[in-house]
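Novice: This is what each chain is made of:
Number of protein chains: 2
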Amino acid sequence: MRTIEWQDGTVVTVDQTKLPLETVTLKIRTVDAMAEAIKNLRVRGAPLLGACAAFGLALAACNSRASCVSEMLAELEDAAAILKSTRPTAVNLFWAADRVMDKARDFFGDVEGLKALVFGEAQKIADEDAEANRVMGENGAALINDCDVVLTHCNAGELATVEYGTALGVIRAAWKQGKKIRVIATETRPLLQGARLTAYELKRDGIPVTLITDNMVGYVMSKGLVDKVVVGADRIVQDGVANKIGTFTVAVLAHEHGVPFYVAAPKSTFDLTRKSTDIIIEQRKPEEVTHYGGKQVAAEVEVLNPAFDVTPLKYVSAIIHENGVYYPQDFAKFKSNSPV
Amino acid sequence: MRTIEWQDGTVVTVDQTKLPLETVTLKIRTVDAMAEAIKNLRVRGAPLLGACAAFGLALAACNSRASCVSEMLAELEDAAAILKSTRPTAVNLFWAADRVMDKARDFFGDVEGLKALVFGEAQKIADEDAEANRVMGENGAALINDCDVVLTHCNAGELATVEYGTALGVIRAAWKQGKKIRVIATETRPLLQGARLTAYELKRDGIPVTLITDNMVGYVMSKGLVDKVVVGADRIVQDGVANKIGTFTVAVLAHEHGVPFYVAAPKSTFDLTRKSTDIIIEQRKPEEVTHYGGKQVAAEVEVLNPAFDVTPLKYVSAIIHENGVYYPQDFAKFKSNSPV
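Residue numbers (the working numbering), protein chains in the order written: chain R, 2 to 341; chain P, 2 to 341.
Please note: incorrect hints may appear among the correct ones.
Since copy identity is lost for identical chains, a pair holds within one copy or between any two.
Unchecked claim - With a straight-line Cα cutoff of 25 Å, these simulated PhoX-like cross-link-like pairs (lysine-lysine) come out:
hint	residue 1	residue 2
1	K296	K19
2	K204	K286
3	K336	K125
4	K177	K315
5	K268	K19
I should point out that these hints are in silico values taken from the structure, not numbers from a laboratory.
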């Protein structure tokens, strides 16, 4: 099932802030509505954000009343700026917006042609993501053994992508191959994407999953309960992997316990012209930490709420992508050029 | 201010499950009520649990209608069994119950004399804890520098003890000495003792505190924001320190980043006849992880909910206690005898 689809000029997806207790369909009809959905995490996950940016531009084109191509292009530039200002860390959003806009800027023809081009490119980005995840799943499944217990953090599943998932794609592919794996999902504070989304997806698919709080990762590893870690990524740079806050903590624990730490991410997540220090880590509002369901739970004190952290490549055992698997010996190349 | 006090045959304390939003005084009049309060974490924290066990026996003695000492002693044995069956990990509870019962078993005299002895020993345990925390605070403050940022996990404060606190006692003493320290408090899932109790205590005392989720510990350490870690303990054995779940994760991260990791605990927490493998880790109900405020938040899947973990001594830089500070060279002695 696709997480995001285009239906008659509307982007149809599910409001992920309501899952798993409610399945609320979200019909997004404007760029502003798409920006709101992204900012408030109704849609989230790096690859899905790429598709959202692209479909957001398709909405701008579809809704345009421009009478000439240059006027529509100006509208698209504004829409791209709005979409790119929503969240700073996941690179896929910028990558997809830029890919569509590069095509649009080079376009020669009439307004209907430009509309068709923008929509076509958006659909292609979505289709490519779905395909990349399936191939990535196969590539990664080769690293998973029968009866492995695989720990994953946050949600890098179907809901974080157009279809199938990155880290959960690897887990799904291994399961489909008949490997009797089990998954340990971290709840992933503050917004509980692991407890709400990963646990939900895996349970639905019949893959055994055990939920833990984030601070239990050391415990389960010290008890020898974890064979592999597989996580997704929001941006892979020359020297590190930006992903959901807590990923670095899991990586250090995996390193300390000799547990392989794998990252699964499509090409669109690679940003090898940049370094860790170039990544803007989104700082979100304190209420995500201090409140639950609109109700205060913590004492009123200062809060730090970075949404991501960066794991240096020395903690990464391999990066699984749609063209294969990069190992530490390949990481050195990241600094000089893009091997992707 | 004392966290627990004896007032006219009643144990008076505060319901810690309601803090910081409500301050509900708890008046405990029976052994069963004390056992309920311990089981449901209305009172918690290893040193406080010691006082609770002792005062629980004082309640049994006070409420007794026994006509002879042997009858009252049998009632006390039953009460001790009830209190010792509440929670398995913190040793102070067993230590305090055994200390009172050893005195009671050796008693020679009448029932009023036995009542006085039991109450007197309970009060002595409470007074000694308060005093131990103050001295421990001074001993530990010597390890804290001016302008240090100190990270602490869970609540090892006034609320975890009779008065002043263990880890927070060290922080309070350093602050009182004029050291301009700042504290980073982890929220401590699933029951948020850091967000609810530590943040509350420190804010009340005017000590600057920043709240983070447990999975941000790697982030703040990687940014160089943490100078020292100070935590409490539930049981110190020959080869490790049992403390709130997540402590081991913090210890590994501190080790990886070269950040000193200190444990502050009174004598009553040392259990040097035992090893890590002897410690029973309390497994609590799944709803603590899957629900909030009675409302389900997670998908319905299997849950692991250990309340404690054990940090091997190799990750511990020093153990601060009321008689001084143990360093790694002292830890070797733990195996052969009790240096406490």
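Novice: Decide, hint by hint, whether the structure agrees.
Specialist: Cross-check of the supplied hints:
| no. | hint | in the structure |
| --- | --- | --- |
| 1 | K296 x K19 | both (16 Å within a copy, 13 Å between copies) |
| 2 | K204 x K286 | between (31 Å within a copy, 20 Å between copies) |
| 3 | K336 x K125 | neither (29 Å within a copy, 65 Å between copies) |
| 4 | K177 x K315 | neither (31 Å within a copy, 42 Å between copies) |
| 5 | K268 x K19 | neither (30 Å within a copy, 49 Å between copies) |
Hint compliance for this structure: hints 3, 4 and 5 are broken, all remaining hints hold.
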